[in-house]
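Trainee: Read off the chains here:
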Amino acid sequence: MDTFVQQLINGLTIGSIYALIALGYTMVYGILRLINFAHGDIYMVGAYAGFMIATSLGFAANPSALGFGVTLLGAMAIAGAIGMAIERFAYRPVRKYSKMTTLITAIGMSLLIEYLFVFIFSGTPRSFPQLLPNENITLFGNATISTSQILIFVVSIALMVVLQYIIFRTKMGKAMRAVSFNITSAKLMGINTDFVIAFTFALGSALAAAGGVLTAQYNPKIEPLMGIMTGLKAFVAAVLGGIGNIPGAVLGGLLIGAAETLVVGYGSYVGIPSTYRDAVAFAILILVLLLRPAGLLGSNVQEKV
Amino acid sequence: MKKMPSWVKSLILGIIVIVALYIVNAMMSATGFFGVGVDDYQARLLVFIGINIILATSLNLINGFTGQFSIGHAGFMAVGAYSSAYFSVTYGRSIETSLAGLGDFVASSVVLLIAIAIGAVVAAMAGLIVGIPSLRLKGDYLAIVTLGFAEIIRIVILNIDAVGGATGYQVPGYANFLWIGVFAVITVLVIHNIVKSDTGRALVSIREDELAAEAMGVNTTRYKVTSFVIGSSFAGVAGALFAHYNKFLSTNDFQFIKSFEIIIMIVIGGMGSMTGAILGAIIVTLLPELLRGLPDLQVGATTFRFADLRLVIFALILILTMILRPQGILGTAEIGSFFKRFRRADKPTGGMKA
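Protein chains in written order, with my numbering: chain A, 1369 to 1673; chain B, 641 to 994.
Among the hints, a few may not be true.
Calculated lysine to any residue pairs in the SDA-like style (CA-CA distance at most 20 Å, straight line) [what the hints assert, rightly or not]:
id: 1; chain 1: B; residue 1: Lys-887; chain 2: B; residue 2: Val-803
id: 2; chain 1: A; residue 1: Lys-1539; chain 2: A; residue 2: Leu-1556
id: 3; chain 1: A; residue 1: Lys-1464; chain 2: B; residue 2: Pro-966
id: 4; chain 1: B; residue 1: Lys-778; chain 2: A; residue 2: Arg-1660
id: 5; chain 1: A; residue 1: Lys-1467; chain 2: B; residue 2: Leu-960
Please keep in mind that the hints were generated in silico from the structure rather than gathered at the bench.
Make a model of the complete structure from these sequences and hints.
Mentor: Now the structure itself:
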């Protein structure tokens, strides 16, 4: 029982990170019907931006909440700007072409970010400094939760609340919902769709960057290709929850995280070795797409001819 | 001049190709061919061009002609590579000794051909298993599912200890340039003929408008799966050749990046063009080698190696191609059609152009 609780805590920790990244996928897909392949790499960019801020401003030497806050917000701002730049220079020019063209552009963008970072920072992993003191707290029995895990829960919930506020309580959020509902009508109603799309990219990228910095507090090894697998799993989370659906992305993220750690912990009892950890998300993806393509919380949309 | 029957033409062409491949292959030996040799490095490049042509043209059948966007080609290549390698590691030696009377070349060729056939069949079966459920999906969902299947295939292979698992797999080196060249030519011819046949017409009709194709009585599911299975089996052939040339297999050779590389080949060349795919395969194989010549840049304590820019440049080419010329260098045209334009003026062609 204790190990089960422990696995669940670890799973939900990773799951919250997946959820943060999945939100970006789902928002962009909701608006542009584009799988932004480069989104997972923005998560990596966020981790590196945080790394640069923390090391250059000397937050690594003396851990403090202020240092962590500046690193987190700085990384989010940098990633947001990069996300907007990607949209402006790569996706906007191809928006008028077919879906395949935008998908290939997104794949190209993902490769570009990954290998540009390999070129600049080399492929060797870096160690992200611990910005807040980290200690383990024993819950009941033998299950423990570390302060960095609590940090991940608290920050991601806070960010989700902020996101919920932006989307449902602000004018910009209303515009985003309008654009995602019907981009042409939104334009006719006087909404500056280009700006709304750019804002969506910035928002999604900032959330992914927060995910990057938070992960680095939990697991300090960062490397330029860390975004590929995490990004794909977060995408699976978005699809599982129902792509385009914001609560769905969070639910999907938590479920994927939990499923993954449970397979690592208990898979061997049913003949699934723990090395299948990365295959779990893809198996879930395939099952969801074949059985319920709209996802858990999504609604079925009839294809119009 | 009396027109030659087309089979005579193809026979002559076939003989010329095989003789040419044989000469190039002979040039790759230690002594060269009549004193003219190709060094090991160039030989290796030629071999990889051949393998990449098989991969690119076969993926082009699925993505370019049928319009089903698959980004999991490396998975089927892995299936072909590992299944054929398992066969030659397990049975190769005993088949060779029992055929020793026929000479070394014949004996090893027999093993290689059986291994390739096994690679092709197993990859085709994998293609069928993956294709039937996935091809119900369209566009980006299909893309992501093929990517997922390819990764699952890789992880499953990684967990099979009989083929080396994480430590890698030693494979006897039966393949040489001659065989790889022959199979590259066979692949191009087979896929060319499929595209020109009525099956090919059906595939292109699915690409152009799936709904309309279905309305005209094309069994779209069947044709999509057919094209997927054929494409996968040729990826298996490429994998088998790669395994027996490289003599070593590691699942790291079949990661996402390999699938993306094949996508880059056909996108640069032009999806839906045979010659475009071949051109793309050549560019993608040679470009990194050109970058290798650039000197390193030393800034402070860090060294920037321009050879590492290979994938950055591919990515930039990919994005710029999409922005400036989304149809690729050739689009759906063939290199030959540019020459035809000049010929048509003095030589009226009989019949209607389909």
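Trainee: Confirm or reject each hint.
Mentor: Here is what the structure says about each hint:
| no. | hint | in the structure |
| --- | --- | --- |
| 1 | B/Lys-887 x B/Val-803 | holds, 13 Å |
| 2 | A/Lys-1539 x A/Leu-1556 | holds, 17 Å |
| 3 | A/Lys-1464 x B/Pro-966 | holds, 11 Å |
| 4 | B/Lys-778 x A/Arg-1660 | holds, 15 Å |
| 5 | A/Lys-1467 x B/Leu-960 | holds, 16 Å |
Going down the numbered hints, you'll see the structure goes against none, and every one checks out.
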